[in-house]
Amino acid sequence: MLEIKNLHVKLEEEDKQILKGVDLTVEAGKVHAIMGPNGSGKSTLSYVLSGKDGYEVTDGSASLEGEDILDMEPEERAAAGLFLAFQYPVEIPGVGNMTFLRTAVNSQRKARGEEELSAADFLKIIRERAKTLKIDADMLKRPVNVGFSGGEKKRNEILQMAMLEPKMCILDETDSGLDVDAMKLVSEGVNALRSEGRAFLVITHYQRLLDHIKPDVVHIMANGRIVKTGGPELALEVEQNGYADILAEAV
Amino acid sequence: MALPQAKIDATDARLAGLDLPTAGWSADIRADALTRVRAMGLPGRRDEYWKYTNPETLINADAPNAAVFDAQESPMFDGVDRIKIVFVDGVFDAQRSDDLSGENLSIERLADVADLDLHWAKDAYGVLEAKGQDPVQRPLATLNTAFANDGLLIHVTGQVDKPVNLIYEHKDASSDAMLHHVVKLDAGASLTLLENGPAAARFNKVLEAFVAPNATFNHIRTQGRDHERRAVTHIFAEIGAESVFKTFTLTANGVLTRNECIVWLQGDEGVAHIAGACVGDGDFHHDDTVFVTHDAVNCESRQVFKKVLRNGATGVFQGKILVKPDAQKTDGYQISQSLLLDDDSQFLAKPELEIYADDVACSHGSTSGAIDEEALYYLRSRGVPVGEATDLLTLAFLGEAVDEIEDRDLADMVVERLQGWLIRHRR
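Protein chains in written order, with this note's numbering: chain A, 1 to 251; chain B, 1 to 427.
No lab work stands behind these hints: they were computed from the structure.
Hints should not be assumed to be uniformly reliable.
Label pairs and their calculated CB-CB ranges [what the hints assert, rightly or not]: (1) LYS134(A) - LYS329(B): 58 to 66 Å; (2) ASP342(B) - GLY113(A): 51 to 59 Å; (3) ASN191(A) - ARG408(B): 35 to 43 Å.
Which residues of chain A face chain B? A few of them, derived with a C-beta cut under 10 Å, are [stated by the list, open to error]: (4) LEU70; (5) PRO74; (6) GLN87; (7) VAL95; (8) PHE100; (9) ASN106; (10) LEU140; (11) VAL144; (12) PHE148; (13) SER149; (14) ALA162; (15) LEU164; (16) GLN240; (17) ASN241; (18) GLY242.
Covered, in the sense of this in silico footprint (three residues per stretch, anywhere, with C-beta under 8 Å from a C-beta of chain A), are these stretches of chain B [unchecked claim]: (19) 111-117; (20) 369-382; (21) 386-392.
The C-beta atom is built at its ideal place from N, Cα and C for all residues, glycine as well.
The whole structure should be built from the sequences, with the hints applied where relevant.
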């Protein structure tokens, strides 16, 4: 599904290399987790994949289902099936959540040459999916993320994911700022979307999210590279012993 | 103080080509207005009130031509159940207008009643314009009082269900028009007045509104479909106790547009909302100049102005709230903001508060900014193409002004217009 090879990325504005050769392959139907200390490049990886400005790819490649995504505009990557759940979802005053979601869904359908959803069909689907995430009608009407609590913002990200039905979902610290109940709710939302044709890349600092969203593969990222890959037990090891041993081993 | 010679010459040059109507009830009012124009002189670049807007082409003896604009859209407010009144190049068109009557409503054409010796408008025409000369002079409005020979005298005695729609059409590339409307709402009356369409190559319009206690006056207008427009408009509104006055203006392009709105909250618990949304793409200039006077207790005023500018467009906002000593419990709000879509556009703002009462809440804010890049990236990451995402954010920016329109159907029509404009002007 997602294939990243030797990816080197630096900040556009300063000569600072952030990613220094990331190699990562995520297969369809699988959940991969990335853990790693602060500043290891995890969020940068998610931004670069989704097409945020300000980063320069100096070497390497990234492809989605065999298609090079690094030359695509962010909206093209989304239409191709990539989705990033933001660590800090952006507030957009004046744009209703519902309008935003409908525009997004129909833009993607249009880009893929599919018929746009009618207002009635869209309403039916969103009501149903919002309900499972305990998102009420009021939250759908309010401006995007404005005045939302931390938990509401993350639930809203998962709702977007559920509506857009992407193939490759990247979750950037979706557990940050969530209480235990909210984490459970968000995880259930994610688990409900797990399917054979869909892959997940879950970026997190903590093992506890992985108790809810069980990964198939765990990667440890440090200093701009994947330094170790293993099964779910790797996350437990980090939780118990920290990164020191793994990093020492990697050097 | 003697006027500078250049100002006297410019004023004389403009007045030389105009004929003062001398018959009927308005003769004395017009003669007085002419005297006042001569005493003030027409505005010039050196006047503080015209610091950001060059009035030269508004006062030239000859109006610059303006090509008739071939708009592809259907006219604004089409489909609204309304009383239509058409003016072509500033002249009333009886054939294409609806019957000038309705329940609780009397509408007369200024030109039709000009020769009468007596008319209710004798005590109204030019009164608010004259009052509005203090503390700031507005000579172009006075010029209008003196010379406008067409316009409407609207008297509202109760609730009027259908909006009255003044539809302007521009067919002559060299037309130079002045219209003067007077709207008088009796106690408890209500009216919605709509205005749309290009009026003339050069247009000078005055609207005087007398809003008696417990009355409601909603005013919505659109200015557009004439890129070479030069227009100066004045709204003078006096608001009685517990009355509501709401005015909204959508302005699209146009070489030079100066919209002045002068409001007095004269009775306790009156409400005045003045809002505008401007969109300019090119060498266009929009000036909103607002002066709200609180002269009674417990009144509320809001000024909400939003401008989207690109490609050399200039936006100006001069807004003032004056709170008189006895106007306690005043709630005054003013915001003016511009969204600059490139580095070639500019926004010049002069927000002012002048407060003489001690128990008031007044706030004002003014900002200029670009599109929020984070929000743009967020929308694009969800699959919304950059053009559409920019439009969505631009409309959201204008939304606060459009939200001032009370009637949701009319507000939706305005939003639709803005959407159309944004799509046509997409990069």
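Violated constraints from the hint list, given by number and in increasing order = Hint check: 1, 2, 4, 6, 10, 12, 13, 14, 16, 17, 18 and 19 fail, others pass.
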